[in-house]
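Engineer: One letter stands for each residue in the lines below.
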Amino acid sequence: MPKAAVTNKQELMAYFTRMTLCRRTEIVADNLYKAKLIRGFCHLYDGQEAIAEGMEAALTYEDAIITAYRDHCQAICRGDTPYRVLAEMMQKRTGSTAGKGGSMHYYNSKNNFYGGNGIVGAQLPVGTGLAFALKYQKKPNCAVAMYGDGAANQGQLYEAANMAALWKLPILYVCENNLYGMGTSNERASANTKFYTRGDGIPGFKIDGQNVLVVREAMKFAKNWCVAGKGPLFIEFSTYRYHGHSMSDPGVTYRTREEINEVRANRDPIEIVRKLLLENSWASEGELKDIEKKIRAEIDADVEKIKNDPEPYPEDLYTNVGIGKHYIRGINHPDLSQLEY
Amino acid sequence: MPKAAVTNKQELMAYFTRMTLCRRTEIVADNLYKAKLIRGFCHLYDGQEAIAEGMEAALTYEDAIITAYRDHCQAICRGDTPYRVLAEMMQKRTGSTAGKGGSMHYYNSKNNFYGGNGIVGAQLPVGTGLAFALKYQKKPNCAVAMYGDGAANQGQLYEAANMAALWKLPILYVCENNLYGMGTSNERASANTKFYTRGDGIPGFKIDGQNVLVVREAMKFAKNWCVAGKGPLFIEFSTYRYHGHSMSDPGVTYRTREEINEVRANRDPIEIVRKLLLENSWASEGELKDIEKKIRAEIDADVEKIKNDPEPYPEDLYTNVGIGKHYIRGINHPDLSQLEY
Amino acid sequence: VEMTCRDAINTAMCEEIERDPNVFLMGEEVGQYNGAYKVSKGMYDKYGPSRIWDTPISETGFTGIGVGAGFMGLRPIIEFMTWNFSLQAIDHIINSCAKGHYMSAGDLKCPIVFRGINGVSAGVAAQHSQCFASWYASVPGLKVVTPWNIEDLRGLLKASIRDEDPVVFLENEMMYGVTMSAPDHIMDKDFVLPLNKAKIEREGTDVTITAFSKMVGFSLEAAEILKRDFDISAEVINLRVIRPLDRNTIVQSVKKTNRIVSVEEGWPQSGVGSEIAALMMESEAFDYLDAPLERIAGADVPMPYSVSIERLAVPQVDNIIKGVLKACHGKKQR
Amino acid sequence: VEMTCRDAINTAMCEEIERDPNVFLMGEEVGQYNGAYKVSKGMYDKYGPSRIWDTPISETGFTGIGVGAGFMGLRPIIEFMTWNFSLQAIDHIINSCAKGHYMSAGDLKCPIVFRGINGVSAGVAAQHSQCFASWYASVPGLKVVTPWNIEDLRGLLKASIRDEDPVVFLENEMMYGVTMSAPDHIMDKDFVLPLNKAKIEREGTDVTITAFSKMVGFSLEAAEILKRDFDISAEVINLRVIRPLDRNTIVQSVKKTNRIVSVEEGWPQSGVGSEIAALMMESEAFDYLDAPLERIAGADVPMPYSVSIERLAVPQVDNIIKGVLKACHGKKQR
Ligand SMILES: Cc1ncc(C[n+]2csc(CCOP(=O)(O)OP(=O)(O)O)c2C)c(N)n1
Ligand SMILES: Cc1ncc(C[n+]2csc(CCOP(=O)(O)OP(=O)(O)O)c2C)c(N)n1
Ligand SMILES: [Mg+2]
Ligand SMILES: [Mg+2]
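Protein chains in written order, with my numbering: chain A, 1 to 341; chain D, 1 to 341; chain Y, 1 to 334; chain R, 1 to 334.
Heads up, some of the hints might be wrong.
Dumping the calculated DSS-like pairs for lysine-lysine here, alpha-carbon to alpha-carbon at most 25 Å [said to hold, decoys possible]:
| id | chain 1 | residue 1 | chain 2 | residue 2 |
| --- | --- | --- | --- | --- |
| 1 | Y | Lys41 | A | Lys34 |
| 2 | D | Lys194 | A | Lys194 |
| 3 | Y | Lys109 | D | Lys110 |
| 4 | D | Lys325 | Y | Lys199 |
| 5 | R | Lys109 | A | Lys139 |
| 6 | Y | Lys38 | A | Lys36 |
| 7 | R | Lys109 | A | Lys138 |
| 8 | A | Lys138 | R | Lys46 |
| 9 | D | Lys220 | D | Lys194 |
| 10 | Y | Lys109 | D | Lys138 |
| 11 | D | Lys230 | A | Lys194 |
| 12 | A | Lys34 | Y | Lys38 |
| 13 | D | Lys194 | A | Lys168 |
| 14 | D | Lys139 | Y | Lys109 |
| 15 | Y | Lys46 | D | Lys168 |
| 16 | A | Lys220 | A | Lys206 |
| 17 | Y | Lys46 | D | Lys138 |
| 18 | A | Lys230 | D | Lys194 |
| 19 | R | Lys46 | A | Lys168 |
| 20 | R | Lys326 | Y | Lys255 |
| 21 | R | Lys38 | D | Lys36 |
| 22 | A | Lys325 | R | Lys197 |
| 23 | Y | Lys197 | D | Lys325 |
| 24 | A | Lys3 | A | Lys220 |
| 25 | D | Lys220 | D | Lys3 |
| 26 | D | Lys168 | A | Lys194 |
| 27 | A | Lys325 | R | Lys109 |
| 28 | D | Lys34 | D | Lys305 |
| 29 | D | Lys34 | R | Lys38 |
| 30 | D | Lys325 | Y | Lys109 |
| 31 | R | Lys199 | A | Lys325 |
| 32 | R | Lys255 | R | Lys227 |
Calculated from the model, a selection of chain D residues having no Cβ within reach of chain Y, i.e. all distances over 12 Å [what the hints assert, rightly or not]:
| id | residue |
| --- | --- |
| 33 | Thr7 |
| 34 | Tyr33 |
| 35 | Lys34 |
Simulated from the structure, these hints should not be mistaken for laboratory data.
Since the model is a prediction, treat every value here as computed from it, not as a measurement.
In this text, a Cβ means the ideal position worked out from N, Cα and C, and glycines have one as well.
If we strip away everything but chain A, and leave its shape as in the complex, we get (with noise of 0.2 Å):
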């Protein structure tokens, strides 16, 4: 494991620039979602935005990348714009899934990014079997399956581990341990917290999930160990999610604001780059400050240009059922259904 980072004024600044995009797509979703244009569940990431962004700054995209419903940081640190990620949730056909999947199936696979999982731990056999297609396919790269410290009680990821390890597939079981899983906290669903532990075997480590030069260096070691054919590894970042669960959850019932406000205060990822950024005078406050206006504006322009974005049509709800096409019935037969055969 590497002790120390090497960075440079482009890499935080462009680390910075993107976490700052995730963290107002969140921001603008939360509003967003309390004026009832976005609808239905709705699970923000802000607070663990130094894990996509660091994943991403150690990874290439001919590395392999699945999560679970929280997942729009990810769509973006895989390449796909905001504009595209709201548009999903605001209901457009111009959207990242044409209005299709909504807010917990974001997908890429041009770019190796395979969702968007809304079943929890669901995403980790999966993940493995994207592991196992890199392996079969002799290519030099990894897979990592994103999960949650509730995530880790599902028995399939033990099944998946298991012959990960026995087959020595190169994949990276990244646990973002966010402190709770809906309003229950580690050590009410888990006998053993250590969730790095937890690979029967299979070794792991545990970091600070809040500096994305920390994430970055422990994602460089680990795709190496994969890559050179050492198999899976469990990695625990610690982290936290400053909103609720889904919009439903207040997230103030079964933890402090003292807790929420301490990590905004001492941990927040977005912070801790501006830090950097200031300390080794590689930006000025206002230069951050104009790159945080300018996406600001740029998001909120692209909100009002999505509003006039069209929804799916119609025949939209008959579409990529399955490649083959056959008849497809609506709710009244026949006048509803898409008779193509």
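Keeping the supplied structure of chain A fixed, place chains D, Y and R with the ligands upon it in accordance with the hints.
Structural biologist: For chains D, Y and R with the ligands alone, coordinates are given in the frame of chain A:
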């Protein structure tokens, strides 16, 4: 953990007798299968008898047991008779489940035996539920959930065990490691073949499963552990099945005859007790042979009698679907249906 | 009194927990968090951790635990945050539980209730919107209950908890917040409804509409409009229980109306409506049918997110009216 | 050549594995043990561990792995030792796989085949005898294939492996050992059958029998007897694919015969037969029906072990004859 066991003639004779009863039941089942009087699956337990018997020697019928499909001898040791067990396999109405359950499904809720489960691993959460009930009812007892080395790779074990640990349930996860799950050896299926260590922090131990006294002492210790409120334990018994997995498996394609013979010669559970009885002059060779002969004759007589027992009646098809009665549709409606509403 | 459907469930569970020490509630977030949908609000505070069990996110595990506890004589109420997650535990519901009584020739009993949100909510998309009524209702050994209003919720849930057989209890999130007025008798602590009877919610003479869960309300709305605008008198049957299906009530109704429309939110193929079509074939109703059964069902697609097309995937009042008009088209005299 | 159904599956898999380097087989005991039912005999020796993957007993795990591999462009064949064990993995089949193409608006594709033994075998009792045809066939995004003979097995399995959509392929253990003669054309390495067409196995004029899997053979036997003993000419349709169902072939047949009997081994409620009943209601077939559809299905009970009652729980040739005679009772002239 105890380092020695105290025993006496009476105990050993009882173990010898019941294990011989078990062994003979299995041998007879093997023959009856070949004679086509038994059908479907039939998983024989010969070679592993010391575990079922040793467990019972440490437990009472107030303790609950659940196992998988390799369950004939557990049923007998929990109080069922070879007659009923064989009649079941022979498809008779006089069988333990009246010809409905078959070889994989023995039960005896009166004596807290809950099967008999055909789905690999399913008995582990269900068994944990037995322990949950014991704790809920504040009973000074434990539950035992038995599983194979192959079943150890079912994720549901880890889900259940985590809750057992969280809630300190009085449950013993007893792995009968007979080295193979069907045709797959330990190390081809499990990255970690130390099954007793796979409780993610739950204590465990591995111990000989061929010596009934060792099993008994281990189980006494373990029961006390549970009853003292210390929560679950993982116990791995090293054992061996002489037969193939089920009747279609000759059992010699994935292991050598030498391996089998070696266990038969040196680690046979019945021979170990015989030796103890002889060494301590608690029985003569002749006496033991007589017991064996008697059991053989009794079971042969059982079988002859069972042959004339009735098969399930046509109307049995429709009973025990549920406790509440309702219309049950037969193959043809309405002639073959049970029309009770 | 006035109460929400959410509170109907809550009061039913509370009363049964108070009545019988063997009844307990287990599931994700049911306790300290007061329920992901606040259905179990206050119960943890009232009954404590010995009766209200918060679990990890381990559906396979805690469902199996519930089944084992049921075998030992307890009466577990196992909550799935939504029935979609029951897919992880379905083996226990079917193979460990439903078949247990039969395989053991009557020795094992499991008086358990599995409950939670089923079918379509609002904007939760493909993985959180599936209706499981027809799947579970195909399985011998289970009872499958589909309550609509507070009367159903109280009477059927209390009956389910007291029932000796395993019950699959399918709730609807969209109803949780709906307030209804509760006549005194349904607030009785011993108010239970039979688990094998449908209810005619509205009598009619021209056409029978069968529906369950939220679709009962839509069907009643449709019936009002049909009366007002088309002078069609629709009889609306709230199926209440999908297994065992109250075939008799449906058949008797069709003998009177000669026409039938089946309404459900779930996918059409081999759904509840298909079974009702088969019932028409297999009963004397066939000879009374003046038109083929009309089936209204969810569109045969995974649920999309955007409301603009979600709306087109789930039956609306309009769809029911359209189906009824088709069934009643060219009414001939007998 | 003569071959068993087992070998039909084996040769189909071998040819596809040889044709396309992305095709691989994964499951319990498929490799070194040569398959629990010897379906994959010799394949491990021939293709080695890079193409034939033995897994631990971890259905949820390896099914998810298959789905992930499929998303990345491989063409996994995932074997369930029997489909009963798919209950542990059904969440991946439905939520991770079937819905993936839709949720991603067409981005994700998963050209995977899930295959193994479905339905009733001999004497394996309640937990090992369930038919999953109607469940999976209710799910948009899946194709559900139910082969009967070696022609089906080769043509449909090869088509399934080459298909871009996920396919649920339901085999029948009782057929594995059955030997049939294979005409040359079905031995062609590129012999594929369409995944949306039923096959009329026997033409007839008096009644239509729809069946799938083993029941096709029983229906043909019944048809012979019906001709011989009752001069009834039965048309037997091998459904082959339950989703998408070839509705047209069924409807056209009924327009000719005016009567229909549906046969399946699975439970009746909301089964395949119910859907065919609904099809009768929803198509022009309704106007041609001279008698209600007769449904032959497995008895509505968990499968018992003893052959004496197991026989009464699964359709036999006699049951089909009885159903046809009922459907043909009092044939009226049009
Ligand atoms: C199988 C399943 N069970 C339950 C849920 C409901 N659910 C969604 S998210 C969640 C909490 C997950 O917590 P964690 O894994 O820690 O992730 P986080 O939300 O903290 O990112 C639950 C219970 C689900 N979606 N899938
Ligand atoms: C979920 C599930 N998967 C697969 C099977 C088929 N199967 C039955 S027994 C068995 C092997 C189990 O091996 P192990 O757990 O070691 O027990 P043993 O047979 O050695 O006693 C398998 C794969 C099953 N019954 N259930
Ligand atoms: Mg969390
Ligand atoms: Mg074993």
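Engineer: Each hint needs a verdict: does it hold in this structure or not?
Structural biologist: Quick rundown of the hints versus the structure:
Taken as a hint, the Y/Lys41 and A/Lys34 pair is honoured in the structure, with Cα atoms around 24 Å apart against an allowance of 25 Å. For a cut-off of 25 Å, the pair hint linking D/Lys194 to A/Lys194 stands: about 20 Å separates their Cα positions. For the given pair, Y/Lys109 sits about 12 Å from D/Lys110 by alpha-carbon distance, which is consistent with the 25 Å threshold. Annotation: proposed proximity of D/Lys325 to Y/Lys199 holds, straight-line Cα distance about 20 Å (limit 25 Å).
A hinted pair counts as satisfied when its Cα atoms are at most 25 Å apart, and R/Lys109 with A/Lys139 qualifies at roughly 20 Å. At roughly 21 Å between alpha-carbon atoms, Y/Lys38 and A/Lys36 fall within 25 Å of each other, so this suggested pair holds. Only pairs whose Cα atoms come within 25 Å are accepted, and R/Lys109 paired with A/Lys138 is accepted, the gap being roughly 21 Å. Restraint check for A/Lys138 and R/Lys46: satisfied, since their Cα atoms lie roughly 21 Å apart, inside the 25 Å limit.
For the suggested pair D/Lys220 and D/Lys194, the alpha carbons sit about 22 Å apart, so the restraint of at most 25 Å is met. For the hint pairing Y/Lys109 with D/Lys138, the CA-to-CA distance comes to about 21 Å; that is within 25 Å, so the pair holds. Straight-line distance between C-alpha atoms of D/Lys230 and A/Lys194 comes to about 21 Å, which keeps the hinted pair within the 25 Å bound. Our distance criterion of 25 Å between C-alpha atoms is met by A/Lys34 and Y/Lys38, whose separation comes to about 20 Å.
For the given pair, D/Lys194 sits about 19 Å from A/Lys168 by alpha-carbon distance, which is consistent with the 25 Å threshold. The straight-line distance between the Cα atoms of D/Lys139 and Y/Lys109 is roughly 20 Å, inside the 25 Å bound, and the hint therefore holds. Between Y/Lys46 and D/Lys168 the alpha-carbon distance is near 23 Å, which keeps this suggested pair within the 25 Å criterion. For the proposed pair A/Lys220 and A/Lys206, the alpha carbon gap of about 15 Å is at most 25 Å, so the pair holds.
Proximity of Y/Lys46 to D/Lys138 is assessed by CA-CA distance (about 21 Å); at most 25 Å being required, the pair is judged to hold. Annotation: proposed proximity of A/Lys230 to D/Lys194 holds, straight-line Cα distance about 21 Å (limit 25 Å). A distance of roughly 23 Å separates the Cα atoms of R/Lys46 and A/Lys168; the hinted pair therefore holds under the 25 Å criterion. Proposed proximity of R/Lys326 and Y/Lys255 is supported: the alpha carbons are some 22 Å apart, at most 25 Å.
Proximity of R/Lys38 to D/Lys36 is assessed by CA-CA distance (about 21 Å); at most 25 Å being required, the pair is judged to hold. Annotation: proposed proximity of A/Lys325 to R/Lys197 holds, straight-line Cα distance about 13 Å (limit 25 Å). At roughly 13 Å between alpha-carbon atoms, Y/Lys197 and D/Lys325 fall within 25 Å of each other, so this suggested pair holds. The hinted pair formed by A/Lys3 and A/Lys220 meets the criterion: a straight-line CA distance of about 12 Å does not exceed 25 Å.
Among the hinted pairs, D/Lys220 with D/Lys3 is consistent with the structure: their alpha-carbon atoms are about 12 Å apart, no more than 25 Å. Between D/Lys168 and A/Lys194 the CA atoms are separated by roughly 19 Å; this keeps the pair inside 25 Å, and the hint holds. For the hint pairing A/Lys325 with R/Lys109, the CA-to-CA distance comes to about 14 Å; that is within 25 Å, so the pair holds. Under the criterion of a C-alpha separation no larger than 25 Å, the hint pairing D/Lys34 with D/Lys305 is consistent with the structure, at around 19 Å.
A distance of roughly 20 Å separates the Cα atoms of D/Lys34 and R/Lys38; the hinted pair therefore holds under the 25 Å criterion. Distance check on the hinted pair: D/Lys325 and Y/Lys109 sit about 14 Å apart at the alpha-carbon level, within 25 Å; holds. For the suggested pair R/Lys199 and A/Lys325, the alpha carbons sit about 20 Å apart, so the restraint of at most 25 Å is met. Taken as a hint, the R/Lys255 and R/Lys227 pair is honoured in the structure, with Cα atoms around 20 Å apart against an allowance of 25 Å.
Listed as a non-interface residue, D/Thr7 keeps its Cβ farther than 12 Å from every Cβ of chain Y; the least gap is roughly 32 Å. Non-interface status of D/Tyr33 relative to chain Y is upheld: no Cβ of that chain comes within 12 Å, the nearest being about 20 Å off. The beta carbon of D/Lys34 is kept farther than 12 Å from every beta carbon of chain Y, the shortest such distance being approximately 25 Å.
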